[in-house]
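K.L.:
One letter stands for each residue in the lines below.
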Amino acid sequence: MSSISGTADGLRSGAGTAGRARRRPGVGTVYRWELRKLRYQKRTYLGLGAAALVPILFVVAVQFRHHRAGGGDFAFASYLTKSGLVFPLVILLFGAIWLFPLITALVAGDIFASEDHNGTLKTVLTRSLERWQIFTGKALTALTYAIVAIAITGTVAVIAGSLESGFNSVQTLSGTIVSAPKGLELVYLSLLVYLIPIATVVCIGLLLSTITRNSAAAVVGTLMISLLFQLIGVLPGLSATQPYLLSTQFNAWQGLLRQPIDWAPIVRAAWVCALYGIPALGTAFLVFLRRDVAGG
Amino acid sequence: MTDAPPVEVRGLVKRYGELTAVAGVDLTVHAGDVYGYLGPNGAGKTTCLRMMLGLIRPTAGTVRLFGRDPLETVHALDDVAGFVEAPTFYPYMTGRRNLELLAAFDGDDARDRLDEALETVELSDRAKDKVGGYSHGMRQRLGIAAALLRNPKLLLLDEPATGLDPAGMRDMRLLIQRLADQGMTVLLSSHLLAEVEELCNRVAIVRKGDIVYEGAIADLKRSAGATYRLSTTDDERALSVCRAQPGVSDVRVVHGRISFTGDDAAVAELSQALVEAGALITMLAPQNVTLEDLFFSLTEGDGVPGHAGLGGAAGDRAPAAAEASS
Numbered sequence: 001m002s003s004i005s006g007t008a009d010g011l012r013s014g015a016g017t018a019g020r021a022r023r024r025p026g027v028g029t030v031y032r033w034e035l036r037k038l039r040y041q042k043r044t045y046l047g048l049g050a051a052a053l054v055p056i057l058f059v060v061a062v063q064f065r066h067h068r069a070g071g072g073d074f075a076f077a078s079y080l081t082k083s084g085l086v087f088p089l090v091i092l093l094f095g096a097i098w099l100f101p102l103i104t105a106l107v108a109g110d111i112f113a114s115e116d117h118n119g120t121l122k123t124v125l126t127r128s129l130e131r132w133q134i135f136t137g138k139a140l141t142a143l144t145y146a147i148v149a150i151a152i153t154g155t156v157a158v159i160a161g162s163l164e165s166g167f168n169s170v171q172t173l174s175g176t177i178v179s180a181p182k183g184l185e186l187v188y189l190s191l192l193v194y195l196i197p198i199a200t201v202v203c204i205g206l207l208l209s210t211i212t213r214n215s216a217a218a219v220v221g222t223l224m225i226s227l228l229f230q231l232i233g234v235l236p237g238l239s240a241t242q243p244y245l246l247s248t249q250f251n252a253w254q255g256l257l258r259q260p261i262d263w264a265p266i267v268r269a270a271w272v273c274a275l276y277g278i279p280a281l282g283t284a285f286l287v288f289l290r291r292d293v294a295g296g
Numbered sequence: 001m002t003d004a005p006p007v008e009v010r011g012l013v014k015r016y017g018e019l020t021a022v023a024g025v026d027l028t029v030h031a032g033d034v035y036g037y038l039g040p041n042g043a044g045k046t047t048c049l050r051m052m053l054g055l056i057r058p059t060a061g062t063v064r065l066f067g068r069d070p071l072e073t074v075h076a077l078d079d080v081a082g083f084v085e086a087p088t089f090y091p092y093m094t095g096r097r098n099l100e101l102l103a104a105f106d107g108d109d110a111r112d113r114l115d116e117a118l119e120t121v122e123l124s125d126r127a128k129d130k131v132g133g134y135s136h137g138m139r140q141r142l143g144i145a146a147a148l149l150r151n152p153k154l155l156l157l158d159e160p161a162t163g164l165d166p167a168g169m170r171d172m173r174l175l176i177q178r179l180a181d182q183g184m185t186v187l188l189s190s191h192l193l194a195e196v197e198e199l200c201n202r203v204a205i206v207r208k209g210d211i212v213y214e215g216a217i218a219d220l221k222r223s224a225g226a227t228y229r230l231s232t233t234d235d236e237r238a239l240s241v242c243r244a245q246p247g248v249s250d251v252r253v254v255h256g257r258i259s260f261t262g263d264d265a266a267v268a269e270l271s272q273a274l275v276e277a278g279a280l281i282t283m284l285a286p287q288n289v290t291l292e293d294l295f296f297s298l299t300e301g302d303g304v305p306g307h308a309g310l311g312g313a314a315g316d317r318a319p320a321a322a323e324a325s326s
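Same order as they appear, the protein sequences are chains F and A. Numbering follows the working numbering, in which position 211 of the first sequence is assigned residue number 211; successive positions increment by one, without gaps. Numbering follows the working numbering, in which position 210 of the second sequence is assigned residue number 210; successive positions increment by one, without gaps.
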């Protein structure tokens, strides 16, 4: 090993920061660096790649099926061939089962656990940031990642779908026809409403990431919880619970596709998701604030 | 607040269920100290350092860094830097990027010190490599660079030379010495006793989570008393004389020679007693007591310096001449 006996004089000159105000980092610093860190990690691209690839594969599959079967037997085939704007909505419908919970969990479940895995928690907690600032920055990063993933899926689906079926007017669930620009607006509003249950999945992912301190356990655990809600929803005798299940809230956006707009499922999604999400987030926050960093 | 010592620990306890990792540690590190925190593996050194940095919540007791509680606010670490166990970084980022992140998390003008910190630890040429490919020694050096970004007044280092090759250990020692010479207070945990003896002016020796000595190394050596080796024309008789001589203690036979401790006056009187008893002295030489001797004496013996096997031989053990306390 080469010598490390170089001068440290310059580093000691200036004699600290006593006597003047210190410029302190904040949540924004953590948020920016967490986003930067995501750029260096493969799993980031795995999730975002899947978010972009799924709509393309879906369009290819629809095209293939359409050509082979003449566009008749597929449940959504008649809508899908009329307007490309239907593609993102159909993907939202099917993506709720595991695709979007999984993509969301990839980062939310990993963001604290990976610090334990790398042993870096002690490194960042001994700088100039309070624990709550680190937690908040990380939580916002996980949410941002989920938003970006949903936005990518929606946008790619709109473009690929429009290339396949045209940028045409859409028929709402009430049977009325809305113009293509209005349809596009409804698509993005639907994506926005879809983020309500997705934010809850983020909270659950953060909780498991904080508690398990293990990325794989947190990611799989988040997905399992999501699937468990689906299972409860289809169990006979438990149908009364359906309006209050997390899985049901993934369909709240359909209220936007009615004329007039049905706000009831959207409002319900907001408070039901809050009931699940806030305790999960609060617990994760308290655990992170009070935990002993004895390993990483 | 500014007159408060860099580190003041009082009654620090950490229990994990039935296990007591740290049992009532008291220590004070004064400004300008190079303070060695010594103890065998599992003695609770790292746990104690983690509590000092606010990473672990103590079961009882208090930690104050420059008068501030690290559990209350991270501002307590404003003039503090260091690492516990091996320094850790994000393996998928370069050394430089890791330091940029930490400088951002430090705020203030830490970013301006980045190049100089890399230069100080001579990692400038490897700064663009991912940390995942760094050797242990390089990570240790990067850990020092990360600490220097904060321009600290107090440096807390946990086994900084562990895992380094001899040249690396020497270089690390020189760097710590240089930083200390420039006025930085250093607290380092180590089990490399020669390193601590060379670097530190004060030590705390911990055994099973409890401090068995805290104070200056010089005082510790003084308290242990001078150790002598003796050879005479009649060692059997000389042994009896030594045991009976007031002021002479810890009498035993080491490698065929008599060993004892005592001050100058006691040794002079012993010489006369030996001659009067007909055991003529063929050799009487003072032995240097090393920190290592004292460390083992305190951590493996009964907690009193001079009681455990200096030299490791069996023999009679008289009560120690002095107490090991400060």
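Please note that a few of the clues may not be correct.
Claimed, not checked - Here are the simulated lysine-lysine pairs, DSS-like style, with alpha carbons at most 30 Å apart: (1) F:37 to A:208; (2) A:221 to A:208; (3) F:182 to F:37; (4) F:37 to A:221; (5) F:42 to A:128; (6) A:130 to F:42.
Just so you know, the hints here were simulated from the structure itself, not pulled from any lab data.
K.L.:
All hints are to be evaluated individually against the structure, with a verdict given for each.
P.N.:
Results for each hint:
no.	hint	result
1	F:37 to A:208	violated (41 Å)
2	A:221 to A:208	holds (22 Å)
3	F:182 to F:37	violated (38 Å)
4	F:37 to A:221	violated (51 Å)
5	F:42 to A:128	holds (19 Å)
6	A:130 to F:42	holds (15 Å)
The structure is inconsistent with the numbered hints 1, 3, 4, although it conforms to all the rest.
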